[in-house]
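Assemble the whole structure, with the sequences as input and the hints as a guide.
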Amino acid sequence: MRAVLRWTLTRLLIMAVTLLGTSVVIFFAVRQMPGGYESVVLGPLASEEQRQAAAERYGLDQPVLVQYWHWVTGAVQGDFGISLVSQVPVIQELALRLPVTVTLALMALSAAVLIGVPLGVLTGLRSTSRSGGALGRTVAGLGISVPEFVLGSVALFVVSSVASCFSVGNLASLSGEPATLVRALVLPAAVLGLYCLAATARTTRDAVMNVLVEPHVTAAVARGETPGHIVRHHVLRNASVPVLTLLGTITAYLLGGAVIVETVFNIPGVGSYMVTGLGRHDYAVVQATVLLAAVAFIVINTVLDIAASLVDPRVAAAGGRR
Amino acid sequence: MNVRQSCTAAAGILALTLTGCGGGGAEPAAQAEVEPGYLAVADDTATAEGPVTVQVDYDSQEDGGLDPQLATTARSWSLFGLVYETLVTVDAEFGFQPGLATSWEQPDETTYIFTIDTSAQFSNGRALTVDDVAGTLERLKDGVGVWAGQIGPVDSVETLDDTRVQVNLSEPYTPFLAALANSPAGILPMEEIESGQVDIATEMLGTGPFVMESHRQDQNWVFSRHDGYRHAGDVLITELRVDIVGEDATRQAALREGSTALANFSNVDALSLLANSGATMYSQQQSDFYYILINGLREDSPLNDQDLRFALNAAIDRQALSNSALAGESAPTGVTPSNLPGACDPADLPSAGVGAEGAAGLIEASGYDGEPLDLLVYNSEPVLGQMAQVIQQQLEAAGVTVNIEQLDTAAYYERTHSTVPGNFDMALGWYAGYGDPAMVTRWWNPDIAGFSAAFAGSHEDLNGLIDQAAAESEPAAREQVFTELCHTVDEYSEMVPLVHRPGIVGLNPDLLTMDLAANEGYGDFLRYLPTARPVSAG
Chain A
1 MRAVLRWTLT
11 RLLIMAVTLL
21 GTSVVIFFAV
31 RQMPGGYESV
41 VLGPLASEEQ
51 RQAAAERYGL
61 DQPVLVQYWH
71 WVTGAVQGDF
81 GISLVSQVPV
91 IQELALRLPV
101 TVTLALMALS
111 AAVLIGVPLG
121 VLTGLRSTSR
131 SGGALGRTVA
141 GLGISVPEFV
151 LGSVALFVVS
161 SVASCFSVGN
171 LASLSGEPAT
181 LVRALVLPAA
191 VLGLYCLAAT
201 ARTTRDAVMN
211 VLVEPHVTAA
221 VARGETPGHI
231 VRHHVLRNAS
241 VPVLTLLGTI
251 TAYLLGGAVI
261 VETVFNIPGV
271 GSYMVTGLGR
281 HDYAVVQATV
291 LLAAVAFIVI
301 NTVLDIAASL
311 VDPRVAAAGG
321 RR
Chain B
1001 MNVRQSCTAA
1011 AGILALTLTG
1021 CGGGGAEPAA
1031 QAEVEPGYLA
1041 VADDTATAEG
1051 PVTVQVDYDS
1061 QEDGGLDPQL
1071 ATTARSWSLF
1081 GLVYETLVTV
1091 DAEFGFQPGL
1101 ATSWEQPDET
1111 TYIFTIDTSA
1121 QFSNGRALTV
1131 DDVAGTLERL
1141 KDGVGVWAGQ
1151 IGPVDSVETL
1161 DDTRVQVNLS
1171 EPYTPFLAAL
1181 ANSPAGILPM
1191 EEIESGQVDI
1201 ATEMLGTGPF
1211 VMESHRQDQN
1221 WVFSRHDGYR
1231 HAGDVLITEL
1241 RVDIVGEDAT
1251 RQAALREGST
1261 ALANFSNVDA
1271 LSLLANSGAT
1281 MYSQQQSDFY
1291 YILINGLRED
1301 SPLNDQDLRF
1311 ALNAAIDRQA
1321 LSNSALAGES
1331 APTGVTPSNL
1341 PGACDPADLP
1351 SAGVGAEGAA
1361 GLIEASGYDG
1371 EPLDLLVYNS
1381 EPVLGQMAQV
1391 IQQQLEAAGV
1401 TVNIEQLDTA
1411 AYYERTHSTV
1421 PGNFDMALGW
1431 YAGYGDPAMV
1441 TRWWNPDIAG
1451 FSAAFAGSHE
1461 DLNGLIDQAA
1471 AESEPAAREQ
1481 VFTELCHTVD
1491 EYSEMVPLVH
1501 RPGIVGLNPD
1511 LLTMDLAANE
1521 GYGDFLRYLP
1531 TARPVSAG
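Residue numbers (this note's numbering), protein chains in the order written: chain A, 1 to 322; chain B, 1001 to 1538.
Derived by calculation from the structure, the hints in this document are not laboratory data.
Keep in mind that this is a model prediction, so the values were computed, not measured.
Here a beta-carbon is modelled for each residue, glycine too, at the ideal position from N, C-alpha and C.
Accuracy of the hints is not assured; some may be wrong.
Ranges between beta-carbon positions, derived for each pair [what the hints assert, rightly or not]:
hint, chain 1, residue 1, chain 2, residue 2, range
1, B, E1171, A, E48, 23 to 29 Å
2, A, T180, B, S1224, 18 to 24 Å
3, A, E56, B, Q1197, 23 to 29 Å
4, A, G59, B, G1353, 50 to 56 Å
5, B, P1051, A, A55, 39 to 45 Å
This is the structure we're talking about:
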């Protein structure tokens, strides 16, 4: 138990350092992009004096380290600055967009967990049968290999061409009302969820197949345990670590903004906010959204590491030895 | 290729494939005028009132916020024009019609007297006064906006009585009315601005047909009908929602499924993609045009040689460019937009008569050493990449190797406009063409348009012609000046006009019927929304 605690504290410390490093990388990387915000918003017709005035107005003429200090101290207090384009605090816009992205992520994730995991277990258990293996490979292959922008574009075209209960062309004004949100996001979530589902099914299948050939499963069979008992107590528990890791990665990716799906369907989420901000060099927006994605990734992975150590103490022990 | 480009490209290919399977390869809709000057007219039998949703490709993003005088982009002009009215308006033939001015007279070449409509009132209920008009024009003249450069040599503005305002120019300026007809010259509530009651950068208070209710950047605008508008009886749209939808494919889907009544498209393929969708598609001829910058200012650049620049200009076949990159929905133009009255004929330009072989000969004769030239485009206007490829092939045939560089907007401007000289050989872009042929020509004088100094020299003869074009009012003499001006620009070949930028608009006839002019000067496809008629209420 002490090993797990020590290992957990180490993970939390590493997480804090990683976040700090990430903030530095994000801040300076954004400023390495050629061309400044004033070039985008003022356009080519502006004079040099107008550009300088704009840079001064937004504090972009200050030394970069001073700008970083202002930003990072603000971010720690929840103030991510003001969008240069809309003049609205970034946190205010994130508060509107995050529920949309979280809902979309949860819906896609649901598909991964509720369909992908059982499908993976089923095909893993039946991997020796021809039909089980083929089904698993087909679903995983299709889901993983069809890019989201292709699937999304096809869905847009098909759904808008036939009478259906879905509407795909008016998501720009999505409200945060849960029922409306869920109904509107069904199609985008299906597009997004297919990849998640396929990846989860494939990983689960592989994990189950790996566990099935381990000696303790063979021993359980030899002891005469029922198949259901073996699956529940020996297979699923041992196969869960890689699946949990994958689900964590997918969750972090989705919470950071499903950039492509949000762009294709014009969903006002965090991902589309990031893309728009990048195009305009709206520094405060890009920094906040990328940092949010990084935080989601780092925090979720840390939580997963800790969860994995609790499920399987050998993880912490191995980590502690390193 | 970024996310947006990937999505656009994929959606285009897929949609083309899918419509090709289902529709048997539809041709673009014929752009016949239903009435002189109009591609569409509102159906007078539609009398229902109701809300309307339209979708546009990008949002207004101005350093000056909602201040119309600082607006620089066509989308801002369109949106601001729903709230603010101008003294005069431009009609489908680029003539001028009364706006807030019921009439005007021009006692001499430098004096304009406007009689204002005293029935007009701002949406806060206050009546328009001559002080609002005079104050607005003074503010515009003294401001730093781009439009201050287009409004001309306004010397002073004075109120003559309760209904008349006199504008005195320091010298004749023929495009004056055309400059007044665009929304940056919209009349502002000067009393409220000066008293601090209204911050015009964050609020909108105009006399126009709509009142802004809300704006969420890059998401939507909501306008309500202005009940105090002097022509309120003509406005049947009770609530106007303008959604910002960045992807062409998504706007196409919205138009197809009926979740928007009107949408614009940046890709000319939308004409064929939506041909069998139930939407009515229109291709407006805009005075906006694409140009190629040929930077002759860099030290040791072969492009310092005017003969080589002219040869490159001559090697570009504009009609082929239109056919290949713009589906034939465009037309060549000189520096005076060819769809505006009195503009020069692009077929008469010196470069137009050279031909491909002649251009190759000129390039060889110039002593060009074969060093590859870079051609910059920016990725927010996807057709620029396609145009660049056509130009690359045309110049390759003339013996010039071109390397295309596709940049984001900021990086593009960084290379082309932020240093003198600009850090590039050639670059593609486009200008708004406005409502008078002389207006855009001012950008060819770096002494007026400082940004041009990054790639164009200041030439006494050219600057003189630009001034002459602005001052001349007699039509025949004007045409003569325009012709000379076009030829001179063509010969210097620093900023070379290519072809018009078409405006693709889709209308769902089951939801909305409206006027749409065949020609447009300010990129304003929302111009006729105030008199548009919802087909079904609710």
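Unsatisfied constraints (hint numbers, rising): Hint check: nothing fails, all pass.
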